[in-house]
Amino acid sequence: MSKFRKKKKGMPAVNTASLPDIVFMLLFFFMVTTTMRETDLRIENPVLPSATEIKKLEDKSLVSTIYVGKSTDTNRDGVGYNKIQLNDKISTADQVPAFILAKRDKIAEKLVPFMTTSIKADRRSNVGTIIDIRLKLRDVNALKINYSSTPDAKN
Amino acid sequence: MARRENPEINAGSMADIAFLLLIFFLVTTTMNVDSGISKKLSEKPPQDYVPPIVKQKNIFEVSINRNNDLLVENEAMDVKNLKDAAIKFIDNGGGIGAPGEDGTAGQRCDYCKGEGLDTSSDHPNKAIISVQSDRGTEYGTYIKVQNELLRAYSELRNRLSKQRYNMSFDELEEAYDNAKNNADLKDQVETLQRRVEDIKKAYPQIISDMEPTS
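Going line by line, the protein sequences match chains A and B.
Sequential numbering from 1 applies to the first sequence in the numbering used here.
Sequential numbering from 1001 applies to the second sequence in the numbering used here.
Derived by calculation from the structure, the hints in this document are not laboratory data.
Certain hints may be false.
[As the list claims (entries may be wrong)] So the derived label-pair ranges between C-beta atoms look like this:
| # | chain 1 | residue 1 | chain 2 | residue 2 | range |
| --- | --- | --- | --- | --- | --- |
| 1 | B | Arg1164 | A | Thr33 | 42 to 48 Å |
| 2 | A | Arg104 | B | Arg1164 | 37 to 43 Å |
| 3 | A | Glu109 | B | Glu1075 | 46 to 52 Å |
| 4 | B | Arg1004 | A | Thr150 | 55 to 61 Å |
| 5 | A | Pro151 | B | Asn1182 | 23 to 29 Å |
| 6 | B | Leu1021 | A | Leu101 | 46 to 52 Å |
| 7 | A | Thr33 | B | Arg1004 | 41 to 47 Å |
| 8 | A | Thr150 | B | Gln1188 | 29 to 35 Å |
For glycine and all other residues, C-beta sits at the position ideal for the given N, C-alpha and C.
Could you build all of it, start to finish, from the sequences and the hints given here?
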């Protein structure tokens, strides 16, 4: 029967209709996962302590972060887990007030009492360092602090 | 003989696969939200400040040495038992509470379920937990201790809140936050706020950090 004649076939083109989907997917993926980091870490990514009684930090623009941990460049900064990083430099506790005041300048005056200092310290660092920072923070009246820690299952 | 044909690849499901992947990543990636233990530091005391005298029985002493060992009320203790010891101390209710800000006389703690010992704290609002650590103490241990103490408080608050308002304190705070951000629930905000403050006042968190030993 010649009623069903075979269709004429040629070389089919690869269907690229889904290419946009893939590209959009990648775009969305990177949009979601990238976090804007204003500072480069000069210390090794700190292993945060874990805790159950934690609170989330609400407004990122009101948070200033102080890192404590081990320097990535031990030849320049020395060894040990007690290096303090402010902005993108390894500093000492004495520079904490200047750091806080510089942050405070950029914030509307009525929001200053809501500013929080987040201390991201490695769990192997020493309490002495944290206490030095805390005393300096108290000197400039930056009283709200948050000891950054990873959530832990309750009980 | 017929020419060999390439069958067309069906790409109709490609979009489905792409969406599946997109949804998978959307679900699994977590934006790193900053979270941690919040604390409020005390203000810098004036030069001539004389600290008030507190009865020894109202102070719960926790010290951590440089080997990360714990000494609680002059006895060695494991971190695991710290929460229960703190609850026992805070919830003792052995005496009269601090007088109110408006000058009302202090009262006995009528919601405490402790043993009422004479040697332990008078009232939750008088009970002070003092943490002393060494400069060489590991930060991880310090946070663990702080966390256990906060857990003691939240357990007590949850218990009282369940008893008074039939929901745990966590749920109460959540409901309050929810009501604050939702215009439809405006009429509930005030009640919830009063309840949250009531519980907070019943078990105030008084944890003080002492000067470190070095």
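Taking the hints in turn, this is what the structure says about them:
no.: 1; hint: B:Arg1164 - A:Thr33: 42 to 48 Å; in the structure: 44 Å, holds
no.: 2; hint: A:Arg104 - B:Arg1164: 37 to 43 Å; in the structure: 41 Å, holds
no.: 3; hint: A:Glu109 - B:Glu1075: 46 to 52 Å; in the structure: 49 Å, holds
no.: 4; hint: B:Arg1004 - A:Thr150: 55 to 61 Å; in the structure: 60 Å, holds
no.: 5; hint: A:Pro151 - B:Asn1182: 23 to 29 Å; in the structure: 25 Å, holds
no.: 6; hint: B:Leu1021 - A:Leu101: 46 to 52 Å; in the structure: 47 Å, holds
no.: 7; hint: A:Thr33 - B:Arg1004: 41 to 47 Å; in the structure: 46 Å, holds
no.: 8; hint: A:Thr150 - B:Gln1188: 29 to 35 Å; in the structure: 33 Å, holds
This entry satisfies every hint, going by the numbered hints stated previously.
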